[in-house]
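Student: Given next are the chains, with one letter for each unit.
Number of protein chains: 2
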Amino acid sequence: MEEEKKGLSRREFLKVGAVAAGVIAAGEVLGTGSLNLLSRGGKASAGEAAAPAWPWPYKKLDPEAVQKAGYNAYYEGGCMYGAAKAIIVALQTQAGYPFTTIPIDIFRYGEGGMVGWGTVCGALNGSAAAITLVSGKADYGKLVNELMGWYTQEPFPSKKHDQYAKFPGQVQNACGSPLCHVSVTEWCKKSGAKVTDPERLDRCAKLTGDVAARAVELLNAQADGKFAAGYKPSDLFGGCMGCHVGKTSALNNVQGKMNCVQCHEPHKL
Amino acid sequence: MEEEKKGLSRREFLKVGAVAAGVIAAGEVLGTGSLNLLSRGGKASAGEAAAPAWPWPYKKLDPEAVQKAGYNAYYEGGCMYGAAKAIIVALQTQAGYPFTTIPIDIFRYGEGGMVGWGTVCGALNGSAAAITLVSGKADYGKLVNELMGWYTQEPFPSKKHDQYAKFPGQVQNACGSPLCHVSVTEWCKKSGAKVTDPERLDRCAKLTGDVAARAVELLNAQADGKFAAGYKPSDLFGGCMGCHVGKTSALNNVQGKMNCVQCHEPHKL
Numbered sequence: 680m681e682e683e684k685k686g687l688s689r690r691e692f693l694k695v696g697a698v699a700a701g702v703i704a705a706g707e708v709l710g711t712g713s714l715n716l717l718s719r720g721g722k723a724s725a726g727e728a729a730a731p732a733w734p735w736p737y738k739k740l741d742p743e744a745v746q747k748a749g750y751n752a753y754y755e756g757g758c759m760y761g762a763a764k765a766i767i768v769a770l771q772t773q774a775g776y777p778f779t780t781i782p783i784d785i786f787r788y789g790e791g792g793m794v795g796w797g798t799v800c801g802a803l804n805g806s807a808a809a810i811t812l813v814s815g816k817a818d819y820g821k822l823v824n825e826l827m828g829w830y831t832q833e834p835f836p837s838k839k840h841d842q843y844a845k846f847p848g849q850v851q852n853a854c855g856s857p858l859c860h861v862s863v864t865e866w867c868k869k870s871g872a873k874v875t876d877p878e879r880l881d882r883c884a885k886l887t888g889d890v891a892a893r894a895v896e897l898l899n900a901q902a903d904g905k906f907a908a909g910y911k912p913s914d915l916f917g918g919c920m921g922c923h924v925g926k927t928s929a930l931n932n933v934q935g936k937m938n939c940v941q942c943h944e945p946h947k948l
Numbered sequence: 680m681e682e683e684k685k686g687l688s689r690r691e692f693l694k695v696g697a698v699a700a701g702v703i704a705a706g707e708v709l710g711t712g713s714l715n716l717l718s719r720g721g722k723a724s725a726g727e728a729a730a731p732a733w734p735w736p737y738k739k740l741d742p743e744a745v746q747k748a749g750y751n752a753y754y755e756g757g758c759m760y761g762a763a764k765a766i767i768v769a770l771q772t773q774a775g776y777p778f779t780t781i782p783i784d785i786f787r788y789g790e791g792g793m794v795g796w797g798t799v800c801g802a803l804n805g806s807a808a809a810i811t812l813v814s815g816k817a818d819y820g821k822l823v824n825e826l827m828g829w830y831t832q833e834p835f836p837s838k839k840h841d842q843y844a845k846f847p848g849q850v851q852n853a854c855g856s857p858l859c860h861v862s863v864t865e866w867c868k869k870s871g872a873k874v875t876d877p878e879r880l881d882r883c884a885k886l887t888g889d890v891a892a893r894a895v896e897l898l899n900a901q902a903d904g905k906f907a908a909g910y911k912p913s914d915l916f917g918g919c920m921g922c923h924v925g926k927t928s929a930l931n932n933v934q935g936k937m938n939c940v941q942c943h944e945p946h947k948l
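Top line first, the protein sequences correspond to chains A and B.
Okay, so the first sequence: first residue is 680 according to our numbering, each after it adds one.
Okay, so the second sequence: first residue is 680 according to our numbering, each after it adds one.
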């Protein structure tokens with residue numbers, strides 16, 4: 680064995696490692712990640728540094744700080760990256776490992792509703808990822824659902840960024856949809872901005888912060904045991920759902936929770 | 680200092696750790712992740728076990744194995760989870776660390792187009808995340824764009840799963856959209872299945888594998904320097920783009936690349 684040739688048996692290494700894991704608290708050089716691995720010793724299998732069990736422990740965050748961080752991070756990597764980074768970096772600051780192991784760049788593809796396609800808003804996509812990371816099976820669905828419903832009814836962008844934003848005091852619009860296509864296009868219609876104008880980018884930077892901040896509010900409420908779902912579909916399409924969506928619906932022939940009448944003519948009953 | 684009380688100075692620990700990092704090659708117990716941390720010693724800052732620089736190195740994968748893995752993983756955690764897991768676990772098997780540090784459960788929220796909302800297909804969302812993880816800034820956009828365009832035109836599900844699927848020989852449909860809402864609803868219309876039927880779930884399990892496999896084909900082509908974009912919008916809406924989408928378009932007033940006429944009446948020019 681290689682380690683025997685060099686005069687240190689694996690048994691000795693592990694023994695030292697186990698002691699060391701117990702005595703070095705801060706891990707300024709090795710990082711808590713490696714200490715964590717040392718301390719759980721036998722759990723990692725061959726060639727693996729495994730992610731800790733999901734969900735990762737949430738620590739309450741400051742929504743206002745995340746709101747500003749989301750605005751700034753949008754300009755680095757777009758809306759999904761911006762929202763995910765704002766929340767995950769805040770968790771890194773609060774809790775360090777394992778949040779430090781997340782490669783934030785993985786979220787870049789979500790910009791513009793997935794590389795510009797206009798599907799789901801990237802701020803929702805990135806916030807939902809962060810929510811899921813720190814929420815168990817019983818919780819992430821209701822938190823993400825609430826965030827998405829809120830998004831459809833919220834007039835974006837908020838005024839909260841006006842102290843530092845490039846374009847303060849912008850027109851606000853609630854678009855009725857979680858889709859980037861609808862959100863951006865309707866805001867451009869209302870504001871008169873072109874899609875590629877710097878004003879539109881700034882609107883989406885603000886929205887990125889707004890959505891990440893709302894995600895943090897929901898997570899904080901959940902952490903306090905005070906989360907209560909508030910979103911309800913509007914009457915415009917809430918009635919469609921009863922017949923078309925879900926196992927107990929008469930037709931059970933439509934997948935989704937989006938506003939039907941934005942794309943479909945309502946029919947008479 | 681805490682470690683001095685216990686009789687092992689940090690200096691001693693680090694010395695032993697540095698030697699050990701050099702002599703234990705396989706890391707059967709600690710894993711290459713912790714060895715990596717040990718060996719890069721001074722690089723990790725206070726309390727951090729940082730993710731390696733992005734993009735992470737890609738190793739070519741077997742699309743057929745990923746296709747089957749995606750099918751199976753769908754039944755564990757849905758479409759986004761299934762697609763991401765199929766690719767990332769294959770990378771874990773090929774390359775180990777750092778792919779082993781990804782908490783795959785983070786992708787659960789993408790099911791049904793984000794917790795059932797019917798926005799972007801989760802198989803696209805999860806595959807795009809995996810593509811982005813291993814593609815640099817210059818590449819992920821074109822690969823994800825190609826995957827999304829291909830998705831809109833591909834008749835799902837493929838026949839590739841028929842040896843092991845619960846429901847072999849299903850009806851196929853190309854839905855023209857990257858949205859879960861359109862993909863699932865149109866397939867149900869064509870097949871006669873209800874949205875919550877086990878047949879529909881099996882269709883989406885297959886699709887999950889199909890999309891992950893296509894992502895791997897694109898990544899493999901890119902790795903070989905042979906990637907060539909093939910997707911073009913259909914004539915049904917390709918003409919809309921010239922006036923409405925992009926900086927050089929006359930109106931520059933629409934965000935997105937989706938099929939316009941699925942929701943909007945085409946107008947005369």
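What the hints contain is simulated information worked out from the structure, not anything from laboratory work.
Check the hints yourself; a few may be wrong.
Which copy? The list can't say, so a pair holds if one copy fits it or any two copies do.
Stated by the list, open to error - Calculated lysine to any residue pairs in the SDA-like style (CA-CA distance at most 25 angstroms, straight line):
id, residue 1, residue 2
1, Lys738, His943
2, Lys869, Val940
3, Lys821, Lys873
4, Lys873, Asn852
5, Lys911, Asn931
6, Lys845, Arg879
7, Lys868, Gln941
8, Lys845, Asn932
9, Lys821, Tyr843
10, Lys821, Ala732
11, Lys873, Gly917
12, Lys926, Leu880
13, Lys873, Thr772
14, Lys869, Asn931
15, Lys747, Glu833
16, Lys911, Thr875
17, Lys926, Gly871
18, Lys869, Gly775
19, Lys868, Cys942
20, Lys747, Pro877
21, Lys739, Ile783
Since the model is a prediction, treat every value here as computed from it, not as a measurement.
Student: Measure nothing new, just compare the shortest in-copy and cross-copy C-alpha distances for lysine 845 and asparagine 932 to 25 angstroms and report within, between, both or neither.
Tutor: between (46 angstroms within a copy, 21 angstroms between copies)
Student: At most 25 angstroms between alpha carbons: which applies to lysine 821 and tyrosine 843, within, between, both or neither?
Tutor: Neither, since 33 angstroms and 34 angstroms both go past 25 angstroms.
Student: When no copy is specified for lysine 869 and valine 940, does a C-alpha distance of 25 angstroms or less occur within a copy, between copies, both, or neither?
Tutor: both (20 angstroms within a copy, 22 angstroms between copies)
Student: Check lysine 738 against histidine 943 for me: Cα-Cα at most 25 angstroms, and say if that holds within a copy, between copies, both or neither.
Tutor: Answer is neither; intra-copy 43 angstroms and inter-copy 45 angstroms both fail.
Student: How would you label the pair lysine 873, threonine 772 (within, between, both, or neither) given a Cα cut-off of 25 angstroms?
Tutor: Neither way: lysine 873 and threonine 772 sit 37 angstroms apart in one copy and 47 angstroms across, limit 25 angstroms.
Student: Under a CA distance limit of 25 angstroms, which applies to lysine 868 and cysteine 942: within one copy, between copies, both, or neither?
Tutor: Intra 17 angstroms, inter 17 angstroms, cutoff 25 angstroms: intra and inter.
Student: Cα distance capped at 25 angstroms. Does lysine 926 pair with leucine 880 within a copy, between copies, both, or neither?
Tutor: between (40 angstroms within a copy, 13 angstroms between copies)
Student: Under a CA distance limit of 25 angstroms, which applies to lysine 869 and asparagine 931: within one copy, between copies, both, or neither?
Tutor: Answer is between: at 14 angstroms across copies they meet the 25 angstroms cutoff, but 36 angstroms inside does not.
Student: I want to check one pair: lysine 911 and threonine 875. Are their C-alpha atoms no more than 25 angstroms apart within a copy, between two copies, both, or neither?
Tutor: between (33 angstroms within a copy, 22 angstroms between copies)
Student: Pop the pair lysine 926 and glycine 871 into one bin, within, between, both or neither, using alpha-carbon distances up to 25 angstroms.
Tutor: between (43 angstroms within a copy, 15 angstroms between copies)
Student: Within a copy, between copies, both or neither: where do lysine 873 and glycine 917 come within 25 angstroms Cα-Cα?
Tutor: between (32 angstroms within a copy, 20 angstroms between copies)
Student: Could you place lysine 821 and lysine 873 in one of the four classes (within, between, both, neither) given a Cα distance threshold of 25 angstroms?
Tutor: Between copies only: 24 angstroms across chains, 35 angstroms inside a chain, cut-off 25 angstroms.
Comparing the model with each numbered hint stated earlier shows that hints 1, 9, 13, 18 do not hold.
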